[in-house]
Structure formats: structure tokens, C-alpha cells
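Chains as they are written, first to last, in full-length UniProt numbering: chain A, 1 to 432; chain B, 1 to 432; chain C, 1 to 432; chain D, 1 to 432.
Just so you know, the hints here were simulated from the structure itself, not pulled from any lab data.
Be a bit skeptical, because a hint or two may be false.
Any copy, or any two copies together, can satisfy a pair, since identical chains are not distinguished.
As the list claims (entries may be wrong) - When the alpha-carbon atoms are kept at most 30 Å apart in a straight line, the in silico DSS-like pairs for lysine-lysine are as follows: (1) Lys5 <-> Lys315; (2) Lys92 <-> Lys63; (3) Lys5 <-> Lys99; (4) Lys63 <-> Lys34; (5) Lys315 <-> Lys348; (6) Lys321 <-> Lys92.
Protein chains: 4
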Amino acid sequence: MNNEKLNVIEELESSVRSYVRSFPTVFTKARGHKMWDENGKEYIDFFSGAGALNYGHNEPNMKKRLVEYILDDGITHSLDMASDAKVEFLEKFNDVILKPREMNYKVMFPGPTGTNSVESALKIARKATGRTDVISFTNGFHGMTIGSLSVTGNSMKRQGAGIPLQYSPTMPYDDFVGSEDDTLDYLERFLEDNGSGVSIPAAMIFETVQGEGGINAARFEWMKKLSDICERWGILLIVDDVQAGVGRTGTFFSFEPAGIKPDIVCLSKSIGGYGSPFALTLIDPKLDELWVPGEHNGTFRGNNHAFVTAAESLKYWEDPKFEKSIQTKSELITKRLEKLIQDYPAMKGHLKGRGFMQGVSSDVDGFSEKVAEKAFCHGLIMETAGGHDEVFKLFPPINIDEEGLTAGLDLIEKAVQSAITAMELDKTPVGQ
Amino acid sequence: MNNEKLNVIEELESSVRSYVRSFPTVFTKARGHKMWDENGKEYIDFFSGAGALNYGHNEPNMKKRLVEYILDDGITHSLDMASDAKVEFLEKFNDVILKPREMNYKVMFPGPTGTNSVESALKIARKATGRTDVISFTNGFHGMTIGSLSVTGNSMKRQGAGIPLQYSPTMPYDDFVGSEDDTLDYLERFLEDNGSGVSIPAAMIFETVQGEGGINAARFEWMKKLSDICERWGILLIVDDVQAGVGRTGTFFSFEPAGIKPDIVCLSKSIGGYGSPFALTLIDPKLDELWVPGEHNGTFRGNNHAFVTAAESLKYWEDPKFEKSIQTKSELITKRLEKLIQDYPAMKGHLKGRGFMQGVSSDVDGFSEKVAEKAFCHGLIMETAGGHDEVFKLFPPINIDEEGLTAGLDLIEKAVQSAITAMELDKTPVGQ
Amino acid sequence: MNNEKLNVIEELESSVRSYVRSFPTVFTKARGHKMWDENGKEYIDFFSGAGALNYGHNEPNMKKRLVEYILDDGITHSLDMASDAKVEFLEKFNDVILKPREMNYKVMFPGPTGTNSVESALKIARKATGRTDVISFTNGFHGMTIGSLSVTGNSMKRQGAGIPLQYSPTMPYDDFVGSEDDTLDYLERFLEDNGSGVSIPAAMIFETVQGEGGINAARFEWMKKLSDICERWGILLIVDDVQAGVGRTGTFFSFEPAGIKPDIVCLSKSIGGYGSPFALTLIDPKLDELWVPGEHNGTFRGNNHAFVTAAESLKYWEDPKFEKSIQTKSELITKRLEKLIQDYPAMKGHLKGRGFMQGVSSDVDGFSEKVAEKAFCHGLIMETAGGHDEVFKLFPPINIDEEGLTAGLDLIEKAVQSAITAMELDKTPVGQ
Amino acid sequence: MNNEKLNVIEELESSVRSYVRSFPTVFTKARGHKMWDENGKEYIDFFSGAGALNYGHNEPNMKKRLVEYILDDGITHSLDMASDAKVEFLEKFNDVILKPREMNYKVMFPGPTGTNSVESALKIARKATGRTDVISFTNGFHGMTIGSLSVTGNSMKRQGAGIPLQYSPTMPYDDFVGSEDDTLDYLERFLEDNGSGVSIPAAMIFETVQGEGGINAARFEWMKKLSDICERWGILLIVDDVQAGVGRTGTFFSFEPAGIKPDIVCLSKSIGGYGSPFALTLIDPKLDELWVPGEHNGTFRGNNHAFVTAAESLKYWEDPKFEKSIQTKSELITKRLEKLIQDYPAMKGHLKGRGFMQGVSSDVDGFSEKVAEKAFCHGLIMETAGGHDEVFKLFPPINIDEEGLTAGLDLIEKAVQSAITAMELDKTPVGQ
């Protein structure tokens, strides 16, 4: 029966599809950190929709609210007309997120995808400064539409554009060169020397932890220094928090511990709460007022189902214990991965990332892909990341309980063992 | 009470918002062709989410299926993993739409917005041909992200990019120059003369009826000739059917009566049925196989709620009477608008468009905007279009009953009268 | 002996060389309209260095002045420092050319080539307007460096760039479409419709007669209308008079009979008089003052040998009889070519061009190339032009005497006969 | 009298002129390293036409040959037809320069300017690799036309383009960052990481000593390493030897001591010998054969007067003593400048450059400009360089005798003293 349905996909869906190739089964149900396929097989989901399901699948409170709303003939689609669902979301977002953090961003609804949020951020930054260039960083990932792709590093994705991608000098992310030198000293030399060939850009855009690029986490000092450089040179700072935001790294915004205040913040993925398409762009009010009404628009910029679930999801953040609990469980992940690396030297692993966005980079060619493959057999869904898929990447829901987390980590260890066996790596422990 | 909620929007939402300025009230409920605001005022909706609500608001069958699916913990978000909702949609789309029309496109899910579909179309066209340029047409509108914006004509939107938009020579749409000459003779001269400065492009992209550009309808002969030119020169043909498709002009695909077979078709807006973000790119299988898996992707390319409602919506098309009924009611709209233009010569009106995508272009500066404004006061929601908002544009749901349609048309006539009075135009009928 | 020297070229010179392939001999001496090769064979030169030798080879007065200057250790190279040779040239150019025509251009020395003049013109036009685009015309030719190449139509030359060429929408030159419609009506529609995808450009650049593009001569009314459009829309007008200027079409500037006053004029080729590298850009003083000193520069912008010969060459223009004589002899060329076309219907010829820049376009594939080849055998040097080399092109020196002119024309007739024989075309006169 | 002629320039010449502002007098005669103005004042020329007069002004042997050639009605202008002057030059260049160095480049004549040579180099590199990007280096200078300007670092010059300059990521030149790290390690990281945002380029282009950028000399090891990187990654290496070549740094090609073999070499300025516009592009034969005849061309690519003097100038290089003598005199310059820096600590000077291309960079704002200004008063012509004109730059002819050289150096010391006095800097020697 499985084959029949997968055949439908094989026959009718475009060959551009990818994840169905790594996880070749048909899913039918999901709840919390669990998914079931049509054969009733259960999976632990440490993928979480690549960060779009930080609260797990079909979270009960959101589900309840959403069903009520639909049954009640609430507005579904409204472009950017006013609906009560939108008003409620805006108030909740302001009360729970912005005000307590003393942030006074304007909230833009740019179309319901991360790339759309990034495109809107680039537009307003260019308009506000009258400059064309936006500095991006090595291994950054910001989306697939031409504007966002121009600030994305991955060469396969860039070549897909079919046209040269412009207006975006790439600078080295934290630790890119791997030397003692700070990559930001380098960057600033380019700004200060008027013969450097790099003009003062409209903005810089970066992720605090690079999800697709290999779970690279920039140091908070690096972020602070970057922010200072931007201020010194009159350059706008854009944080793309699409993947690292909404609690993924331990705080609502991933950049909070760095003590910086970006001019623009891009949010999508989990901001909708339930996995429905949704995105925000947070913009400094001084910049925001430069928009001409409708200068950036889109048919689905008002997805009211997402307004409803998003508003509900923010209740998690009303209680400070929630943030604490993410951080506590993060440490559990860290410790377990450190032990794993130590116990299985054959995989030549390095710990990467921060919070609920950690992973292991293996120096053994193909190893991490093998771990992900084996994990799927054992009933755990997990992705790889990095330019050569050298990282296996843990993305559990941030509201997972300890039991679920441990169960998942156990399966990962099992997958590592299977991968070592399959690749016939040396099982001898270190030092023997 | 109204003011309070609108104040929330004023205070918190970005100044880029636009429709809430034209329709300054807070909507709370909607069903079919009707909407209600928080004060209980009822509106007839001849806007239909700019074409995203062709089946009206909260269509009962889709609503029922959606609620069941949610209650049953069906998969909500799945990137491009396989879900039974996706399989069901693909089968239905193939059975009801593609097969009967002898089309064998591959179905790509490019991220849930029209602009994303266009970006994916441009990518595969460039990849398949190894060329960079894509010819677009005057007053075309294809989206707000940089790739789509490059093939969009509107100067305000283009300037919003903040960077020069490239790789897209613009050619004159049908009737652009207004002379006896066919604009396609002109286009072909540019292709055939190797000194024309225009290289053979990867593709041409066009809308059969230009929604944003002024409800300009190309003749079917023009489309056929364009298709022939593309074939003659080895150029791919992309139809952006995001707004004109899914029955809006009287057939499922707007280009069917022209007897052409585009290489790529972009669908979004009403393809999801219920107003939830969703988009497809239909691609000739020979082109489709050129994709590298994941070469174009996006977090929300699998919006399962939309799979469910989209599959349900296609049932409308199983019965050939549905298409007939759209066409019958289209004639009713045409006749009524023709009469309106005749009866109110002061508005200097011209009939525009096709099917359920008709409007009136007025030569009187500001008149159409005034009609839309008055219509809202009288309880009808309607948009303007064109470079100077010179067209008022009727977008009723395509499944509206005659009674609803007539009620809406009556309100439009009332609005026209009010506008004439407000602008102090001559009310004398023609010939007197 | 011939072979030996040509072998040196074959062996050492780049394969990009071209004319030596059409004229495979080694030239050693030249005077007026005659050249001699190493075997002492004499040639009539109706090529004139593609317009760089309007006064013929080694004109005696210029030669005398140049030798005196060199023997006297006059400054040879001076960048843009002041030399007495430069001062003398500026005064002469002002007295003989600008003042009598009531022109008050500033004279820029942009580096000693036509393409350099065009690049400088594009820069100042963009700077003055703050816009990026420059409209060019089909089959225009403006040079080989990237800026100039962007406004050049020829597809082979454009592809040579290896990068996409941007910022230059191409519009149809006079008579491009071949219909009754004026191509400028078409152009203006693009300017006036804000959805046309073509933004108001910084400038338009054109040649009054397109030399490389096929000896296409725009009507003077067309030029006037173009100039009016530019004025109406605040667009700068650039005439590239590199090939058509300096008397080639019958007046010093080729655009004089149109009664227009371009904002910028590019001159090179024959402006130096003797065939030494030299170029000028004439700029409206209001624009010129926007330059930052050194913003456009170049090592050879002060070629003093060319200052000397250029100043001397302008003496020709002191006597109004000179201009008259060009025009008289132009008519002789026209009549002879008309007769040729009539007498040899097999070549399906059409008269092209104006003044000393005329040619015959043949509808027979390869015919014009054959004529040029045969002409060379018979002792006449002549080039082809047009996208398919369909035009044979007469460029005698403008100071040639009637005897020389007739001798050349006789050889062309002989070459036409030889070509007809070689290609086995029907020699039967029309109507028989 | 002076004023009158300078007034002509003020009135008629474009405001873009620059050097006449630094050296406000009218020159009338020049010989060797000396120039005279109209008042008979003598100047020592340590500017040498920015490197275009490496053999001094009006060198007697070249002058003799040139005058004979002109008197004999030798071909002056020939596009790329064959002339005996061209053949003679090619043979001489091969015999004296290429063969003894075991180089087998093809010689392209790209139009008679350095920027034209660079444009042709970029074209063939892009064509040969099918790639668009060319890596350039901080503070590189390659010319003013759009292609060359794209690989030039200076921000004022770049902004002059009026359009964004593309296809040229800038990498740090040797010692740009000033840390212990090698800038090439940094560069290679960008090549080897497929997420770096920098694609493998068609070519890298650099100057061995950056003339305009501040007389920055790259170490020979750096060049060798750069060459190795290019080879490793299949990237073409272009040396722009327009300013540093033809003996300026002590060898004919400036890169000879590095033991590298660039794929393409750009030559102009002094390659013509006498200061007449001339340029060559030397191309590896395997690349060269990819050219389509005429794919890059230009009216003045055959400047026969320059062929004559260039061939004559190469006789200098027949005797190895010439190269030796340059190197010996270079040391004299080095020692004198080192002493100057030591003796006048107030100027906070640093020695820059190599061979006959040395200078002093002063950390005192405006000092170097003041030195150049004072030098002119004392009768010596000298330029400044660097992004803030912080370097005064010595460019004596390379065939100057010791007496002349010493006289010039004495004047420079005098100018330094005058500048210190004028700027009221501390005259106390170091350590007191």
C-alpha cells in the first residue's frame, strides 16, 4: 500500500522534491514530538519542520482555538484588511514579546514565508539608505527567491538562480577562517579603506546560529562587535531569526543574550505556532515610515488561521519558566552529545550549535548522512546540514518533555552505532 | 469600539499596509460572498481576496473536511515529505484537471505564494535553456520578490526594489501601442535581427488577463501567435495564471480557449480553495527532470490544510455544468457593465476584461477610486486596478448565485451614481 | 616574400585579428586615397580606416606640421597637463567649429578612442540625472568596452562580453519595423505608461547613420522628433558621431541638418586628422561642471601629435567650399550606386546611407562579401557592414578628387560584375 | 602670457581635467628627463607620464626612426591590416622579449590604452572558462571603462560609474589587513568552502606593485602563492603590467623575479616607447585560439607610429647591462629615500614600492601633497598616490643617468624641507 501512494508522488510530483527521498514513507498523523505513517509506524520527530514546529505537531490548545475559529466562520483570508484575529495577534505579540523586552518595532506582514520577510527587509534597508549592497556572511542561508538568494552562500542554491546574483559582498562569519584573527577586523578594514572595492552597504544580514550552513553559532561578543561596527558606519543590522528565533536557541529572539538591537528582524517558521505559513518583519519605526503603502505586498500576508494559532502560542512565553525549561533541557542535549562524541571517537565528531539547535559535525565523509539514514530506520526523523551534509542536526520541539527528549537521544546513539558498523569504522575507544 | 481596534493596527502594524486604508473597518465573519464587520454591518465581497477566494469565504464542504482533518490530528506541516493529504490532492488534481485536458505536467510545490511559483518558473526556464533573459510584457504583474519583480512592469513597485532590476526586456502587451500594428510583429523583429540588442530569451512570461495592470485581456489569437513565436525560436512559454486561473475567466486555466500549451504554468491564490497560502508550478516533464532535488525549496511548500481544501474544491470541476455556469453569469456581468457605461456617459467608461474578471476603465481622473470608495459605504467591497487606478474591478466569487451577483451589481450602479454626484460630473445622458 | 611576413603575423599575432584576413597583404606606403603593398601593388582605399582617415593617408600639410613638431622636441605625451599644442587645438576647434555653429560645448579628452568617449558620455549622463538606464537603438554600435558594449546591438559582440550587459533597453531605430508606424511613437508609449517596465532613462544614445549596423540612415525628422521626446521627458541626448562625424555625411557634425542640439557628442576617428589615436567628448557646460577632477581619466588623454594634426586638419573647414564639395561628390556617389543597382538587378540591391557613407545592401546571401573580395583583387579596399555583412560600404576620403572617386567607382562596378559571374547569378537585365 | 593660455583651457576644456591643476603651466618642449614651459623654466620630470615615458621624452633614436617613417609616407593607421611596421615590431618583440624568457604568448592589439587591454583580458578569460566573476584586489587600479572599473578598488572612481559594478569580488592584497595572517589563506578559504558565497572565478587580476593604489608592492612569495592557488583551482591569472611593466620595477615584466607565468599579461603606457597610445594583451595560445575574429576590436588597434618607436625601444633590452643599470640605480633611490625618512622624522614616512616605482607614504595628513606642490615650485614634477594621496611617488625615466637622478632626489629633499616648514611640523631629529 505504501508503494502505491509513493508511486503517485513519483509520477506526479516534480523531481525537485527532496525530503521524501530521505524519509520515504507516507505520514498520516502527528501529535507533539511524534508522527505516524500509514502503516502505523511511530517516529520521534527531531526535525520539527526545519524549525517550523517548535511547539510540536498539532498542539492541543492551538488546535482547539483554530477549530473554534473555523467553525465560527471567522475570516480566513483578508490580505491586509483588518480582522479581529489580526488585532488580537498584534496585541498579544506586543504585550508578551515586544513590551517586556523594551522593543518598539513596527510589525510588517510580508507574505507568509521566511524568504518574503527577508526580501521585505532588504527592500526597506535599501530604500532607507539609498545604497544597493547588503553584506552577507559565509554559509548564511536566507531563502530561495532572487533577493534572498543573493545573500545566501550555498553554491548549489546560487547556481540554481540561472542569473548572476549581485549586490551582496560576502564576509567571513565568526570562526570562518579558523585563525586567531577576528573576522570582523577583516570586515572593518574593507569598510575603512576607500580603495577596498567594497562600498558602505545598506545593511548587513546574519543568522545568530546558521541552520542550513552547518549549525555554526556565532559568539555573542562577535554579534555585539558586529552591531557596534554597523552603528559606527551607519549600516543597518538585519537579524534573520527565521530558524533560530521563537525559542529555538533558548530565548524568544536568538540575539537577546548578545544585548544588541537589530534595526530589522525577520521571523517566520514557528512564529505561526501551528505550522501554518506565516511571517513577520519587525522594523524600527523610523525606517518603517518610509514605506509607501503597498510598496511590498502579497496575497497571503493576512493568514488569519495563523493569527489565531500564533496568538495562542505566545501564551507559552507569558510564564518565564518556559524559557528556563528550554535552557535546562538544552544542557541535557549538550551533555549527551559531548558524551557521544567522546564515546565514539571513530566518528570524529565536533559539537555545533546552541540551545535546541545543536548537532554533531563529523570529519568522516558521509558519516552524518548515514546516521540520519539509520535514525530513520530506528524511528527518528533528523536532518543533516552543512555544505557537505557533514552535520547531523537535532531539532526537537522546544516544549518536549524530558522523557521524549531522552528517548530521541537514545535513538540517535543507536543510529551512530549502526552507522559506525555500516561504514566499517574502527570501534576501538580512544586511547586503546 | 471600532476605533480602538483600528488604533491597534495604526499603532503596531507597519505603514506598508494598504487595503485597511481603503476598507477601514474590522472584519469578524465571512461566508460565501458576504462579510461582516465587528459592528455587524454586512458587505458583499466583489474583491474575493484579489482572486484568492474564487469559491467564496469559508465554503461549507471544504470547511467540514478541514475541521475533520484538524480534529483527527492530520499532518499540518510536512515540508515536502509525503502525507496522505498531499497524495490525495495530487490524484484529484490529475484526475479532474490534468487528464481531461490531456495535460501531463509535473506538479511542483514551490512555497505557498504566487511570487514563489513565478520564481521557481524563472529558475527552471533559465536552467533548461542556459539563457538569462526572460521577456515580460508591459503592465504585467508577477510578484514582489526580486526575481518576480524583475518581470513586473509597475514603476512604483520596481523602484521599491532599491536595486536595478535586470534580465527582463519588456515587450508590448496586446493593444499596448493602440495602433493597427500587431505588437507581436514588433517583438519578432527584435528576435530575428541579430543587431537588435535583445538576445533570444529563456522564456516569455505573461498573464492572459492582466489583473493588477488594468484588467487588460489579450486576444486569444494574440496568445496563439505568441505561443507560435516561442515555438519557432525555441523559447519557453510561461503563463502566470495566479490571478486569472482557477475559473476566474471562465475555464479552469485561463488559456484553454487559446488552444496553447505553455511549458510552465504558475498557480496560486484560489488553487488552495479556502484562502490558505498555497501555490503550484506546473512544469513540462522534460524540463522538470532538470531540477536537482532541493534546488528550489521552502519551509511551507507542504501546507497540508491547503491540500485538504484544494482537493475538496476540485469537486466543483467534476461537473461540466460548473464551467458553463461561470460563463453564463459572465455574460450577465458584461451586459450589465455595458449598460452602465451607456447609461452614465459622464464616467467615460470602457469595458475591460473577461469572465469574472471584468471592470470599467474610466477616462475621468479619480473616478474609479471614487466609485470603489462609495461602493464600500453602500456595503460592497471592490478594488481598483491599473497604473493610475483608472479601473474599478469586479471579482465576485465564481460560485456566486445570480441573486447575489445582481445585488452586487445594483450596489455598483448606486456607487457610480454617488461618484458622479460627488465629483459633480454632468448627469445628462448621451445625445441630449 | 609576402608569405614570410604574413607568416610572422599568423604565428605571433592573436587570432582575434580580422581585417588582415580580408586584405591578406602587407602594406608599406600610403598617400591620399592610395595604398601600396610590399610588392608595389597599388590600391584605391575606399575603407579609410573605417572612417579614421577622412582626409586620406598622410595628408601633406599635417605631415609637414607633425614632422616639424617632432623635430623641435615638442611635448609628445602630457596626460592632461597643459601643452601649447593642446591650447592651439582648443582655440582652433572653438574658432572653426563650435563658434560658427553657435555651440558652446566644453571639450573633454577622455582617452584616445571612440569607446572611451562613449564611456565618458554615459558616466556624466548617469551622474547628472541620477538614473542608471540609457536607451540605445537596434543595430547601434558604440564600442567594445563593457559600458559601450552595453549600448551596442550586435549579438556576436555582446556575447563576447562574457557577462550579461545591462542598463540599456533597446528601442527600434528609424524604419526598424518597416511598417507605416513611426518607431518613436512606440518608444514614447514606453515612457508615458508607468507600467511599461521601462523607467525614464538617463539618456538616449544614437548614431545618425549606423556605420557597423548596416549603413542605416535615420531621417532628419526622426532625429528632431527624438530630440523633442528627450526634451519633453528630461532625458539627455547623446550623439555618437565617431564614425558619421567630421564631414563623413556632408557636414562637420552629422546631425546639423536635423537642427538638433545634443547634450553630449562623441567624436573620435577622423577628429585627429592623421589617423593617430584621439577622441573628444563635447559636453553641455551645465553637465560638465558636475565632474570631479579626474573622475574619468586615462594615460593617453593628451596625445599631442594628434593635437598638432587635428588643429591643422580643421583648416579644411575654414573655407565653406569644402563642405559644398563633399556634398557635390556625395551626389555623384548616389547616382552611380543607383545606376549600379538598376543595371545589375541580379544583386537585388538597395541604396543605403548618406554623403560619403553610402553602400549597397544586397538581398542575395553572401553577395556583398563577394563584391568586397573581388574589389580587393581588382585593387580596391572596401568593407562590408550589417548583421549578415549584407552591405558593401563605400568610405572614400572626403577630400578625394573626382578622378579618384570615379576610378574607385569603376572598380566597384567591375567587382560587382565579377561577383555576379562568380556566384553564377542571372545576368539578364530587368524586364527581359 | 602664461595666464592667457591657461585661460583658454579654463574656458574650453572640461572640468574633469586634473593634472593641469597640480602643474599649472603650459609645457612646450621636453627631452629625456627634462621639460620646459613657455617661460623657459626647466623641470626635472619624475612623473614620466605616469609610467608612459619610461625612456624619457623624445628619445633621440626613436625620434629619428619616427621622423624617417613619416617622411617616407609609411602607413599611419591600418586597423589590424598588416603593415611592415607591425611585422617588424612583432618580430622584435618576439626576439628580444618573449623568446629569451621562454614565453610563447600570442600578441593581441586591443586598442591603444591600458583599460582596453584589461577589457580584452577579462573577455577572453570569461569566454575561456564560461564563468562571470573575476577576483580583484584591494586598492587595485585597472582603468576607467566599465569592465576595468569593475575590478578597480577606488571608491571615488567606482561611484563615477553611475551604475553598480559587478562580477568582481575584492580580496585583500598582500599586507592589506596588516596582521600576521597571510591574506591568501583567507582568499583560499572562500574558494574551498562551497557556502562562501564566492564562486570559482574566471580569473584573478592583480598588479605586482599597485601604482595608483599607493605604491604597494606585493612580495614575490605572495605572487607565487597566488599563482599556485590559481593553478590549483583552475583559475586564470592576469597580471596588469601596464604601469609596473616595461622595466619600471627593474625587469621587463615586473613579475619575472616571482617565477610565475600568468595566463594573460596587459601592457600599455611605455610599451610604445615614445609616449604614443599603444597597448598589447599577451595571451596564452590555448586561450587565444578561442577568439572569434573581430570579437574584440577597435579603430586604433594598429597605431603604426607606435609600432615604429616600440620596435626601436626594445633595442635597449638587447643588452643585459640595461636591466642591471636599472637595478643599480633603484638601490640608489631606495637608499636616498630611507635616509630621507630617517632624517626627517616629522614626516612620519614609510618606504613603499620597488625599483623605479618607489615612494614615501607619510602618516601626516596632507604632507605628501604638500611635498609634491613644493617640488613643482622647485622645478620637479612628481605625483601623489593612494586613497588619501598619502604617498609621494617617484617615477624617473628608467634610462636616466645618475647625475639627473641625483639632481631630482636633491630637489625632493628640498621639497620635503619646504613642506615641513610650510606645515609647521617639528624639525627636531629623532632621539633629541
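Now the hints, each set against the structure:
Taking CA atoms no more than 30 Å apart as the test, Lys5 paired with Lys315 passes between copies only; the shortest distance there is 21 Å, against 39 Å inside one copy. Taking identical chains as interchangeable, the C-alpha atoms of Lys92 and Lys63 lie at most 30 Å apart whether they share a chain (18 Å) or sit on different chains (27 Å). In the homo-oligomer, the alpha carbons of Lys5 and Lys99 lie at most 30 Å apart only across protomers (18 Å), although the nearest pairing inside one protomer, at 49 Å, exceeds that limit. For the identical chains of this complex, Lys63 and Lys34 are neighbours both inside a copy (16 Å) and across copies (26 Å), given an alpha-carbon limit of 30 Å.
Within a single copy, Lys315 and Lys348 get their C-alpha atoms no closer than 41 Å, and across copies no closer than 55 Å, so neither meets the 30 Å cut-off. For a Cα distance limit of 30 Å, the shortest separation of Lys321 from Lys92 inside one copy, 18 Å, qualifies, whereas the shortest one across copies, 47 Å, does not.
In summary, the structure is inconsistent with hint 5 from the numbered list given earlier, while agreeing with all the others.
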